[in-house]
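One line per chain: the protein sequences are A and B, in this order. For the first sequence, the working numbering assigns the number 74 to the initial residue and increments by one for each residue that follows. For the second sequence, the working numbering assigns the number 74 to the initial residue and increments by one for each residue that follows.
Derived by calculation from the structure, the hints in this document are not laboratory data. Since this is a predicted model, take the numbers as computed values, not measurements. Warning: the hint list may mix true and false statements.
Note: identical chains are not told apart, hence a pair may lie in one copy or across any two.
[As the list claims (entries may be wrong)] With a Cα cut of at most 25 Å, we get these calculated BS3-like pairs of lysine-lysine:
1) Lys154 with Lys122
2) Lys122 with Lys185
3) Lys122 with Lys175
4) Lys88 with Lys143
5) Lys156 with Lys122
6) Lys185 with Lys88
7) Lys94 with Lys185
8) Lys156 with Lys143
9) Lys94 with Lys184
10) Lys153 with Lys88
11) Lys143 with Lys175
12) Lys143 with Lys177
13) Lys122 with Lys88
14) Lys184 with Lys88
15) Lys122 with Lys177
16) Lys94 with Lys122
17) Lys156 with Lys177
18) Lys184 with Lys156
19) Lys175 with Lys185
20) Lys94 with Lys154
21) Lys175 with Lys156
22) Lys143 with Lys184
Number of protein chains: 2
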Amino acid sequence: MNFLEERIVNDGLIKEGNVLKVDSFLNHQMDINLFDMMGEEFLRRFEGKGINKILTIEASGIGIACVVAKHFNVPVVFAKKSKSINIDGDMYIAEVESFTHKTKNQVIVSKKFLGPDDHVLIIDDFLANGCALQGLISIVNQAEGTVEGIGIAIEKGFQSGGQIIRNLGYQLESLAIVESMDCETGNIVFRSQE
Amino acid sequence: MNFLEERIVNDGLIKEGNVLKVDSFLNHQMDINLFDMMGEEFLRRFEGKGINKILTIEASGIGIACVVAKHFNVPVVFAKKSKSINIDGDMYIAEVESFTHKTKNQVIVSKKFLGPDDHVLIIDDFLANGCALQGLISIVNQAEGTVEGIGIAIEKGFQSGGQIIRNLGYQLESLAIVESMDCETGNIVFRSQE
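Make the full structure from the sequences, and use the hints.
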């Protein structure tokens, strides 16, 4: 097990309905030293990609993205989520619909901060169905930038989001991929990344 | 002028209605090296306060808080904003009403992550009327923790939020305090902090 898998086993809580609570260190309270180790690992996995910008989405992606960005020495742009349709011509907007929840959301980034010269690393805390991630990729494509890679903290490997993104040919690196978990026994199985 | 005031003069945009746009480096695109300098400066200003936790609020406070937290070597907790009233007993909730906009919002933190032993530094990007900040202070008080200080990037000194917080006796440190700005000339005046 790597450092993040160990932390999930120690401090994560498995709830009914395949919910994994990691709010004590990842997405409510945030362990900055852990984020730092994640930054080091992402730098290793995306070395030589010429990344010059990190893109994430509010809210819980922002903390990880900012600490990771220190390792790459690049700025971060965070996309905003909105339910509104108040479209301003200065914005890239991706409309994403959740297959599971049937809700529509907009992912929005100002045109000022993404363009054809950008080599983008997308960072987020969770990947399940990949709805938000699809919106972020769409926005980089609208900007005619390049998605050089996608770095995720925890991927739910039993949902389809990760597979779809890998099928599309992107380098998707998830530091922990949960294959299955059992809220009765507390047992959690990770996909091998050796 | 300090480093942040200089950056505001160089890259900030003054818009009608006393709006200061700093989205190219502070709250949409984020300059992590700048945040790092802010962390260094906050560490100097809050030295010896025994801070063991940083509290901020989504979304744009999170990035600054996480980079600042590296300097203090403490975890970050971010409060969630909500318009809903779906109250869960495990949450601290502060109801805050904007004097200006007459809107009501809730600021929410899980009880697991704040308690009587916490010596809290509150971090946010902007202080104007101080609505969000009042909610964060209320939450630390509900938790019976101690607000050791408040670190803000940019304070609008011509609005009342900062004065109220200082009147209440808190150590409020804003790295740049805008006294006035003029969208016609682009001129901006900062309060002296010598």
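Here is how each hint holds up against the structure:
1. Lys154 with Lys122: neither (28 Å within a copy, 36 Å between copies)
2. Lys122 with Lys185: The answer is within: 23 Å in one copy meets 25 Å, while 40 Å across copies does not.
3. Lys122 with Lys175: Classified as neither: same-chain Cα gap 36 Å, cross-chain 48 Å, threshold 25 Å.
4. Lys88 with Lys143: This pair counts as neither: shortest intra-copy Cα distance 34 Å, inter-copy 31 Å.
5. Lys156 with Lys122: So Lys156 and Lys122 fail the 25 Å test inside a copy (34 Å) and across (42 Å) alike.
6. Lys185 with Lys88: Result: close only across copies, 17 Å inter versus 41 Å intra.
7. Lys94 with Lys185: between (36 Å within a copy, 13 Å between copies)
8. Lys156 with Lys143: Cα proximity of Lys156 and Lys143: none, with 31 Å in one copy and 34 Å across.
9. Lys94 with Lys184: between (35 Å within a copy, 15 Å between copies)
10. Lys153 with Lys88: between (28 Å within a copy, 21 Å between copies)
11. Lys143 with Lys175: Close neither inside one copy (37 Å) nor across copies (39 Å); limit 25 Å.
12. Lys143 with Lys177: neither (33 Å within a copy, 36 Å between copies)
13. Lys122 with Lys88: neither (38 Å within a copy, 38 Å between copies)
14. Lys184 with Lys88: Classified as between; 18 Å across copies, 40 Å inside a copy.
15. Lys122 with Lys177: neither (33 Å within a copy, 46 Å between copies)
16. Lys94 with Lys122: Cα proximity of Lys94 and Lys122: none, with 32 Å in one copy and 32 Å across.
17. Lys156 with Lys177: The answer is both: 7 Å in one copy and 19 Å across copies each meet 25 Å.
18. Lys184 with Lys156: This pair counts as within: shortest intra-copy Cα distance 19 Å, inter-copy 29 Å.
19. Lys175 with Lys185: neither (31 Å within a copy, 32 Å between copies)
20. Lys94 with Lys154: Both: 22 Å inside a copy, 19 Å across copies.
21. Lys175 with Lys156: Both: 13 Å inside a copy, 21 Å across copies.
22. Lys143 with Lys184: For Lys143 and Lys184, the Cα distance is within 25 Å only inside one copy (23 Å; across copies 31 Å).
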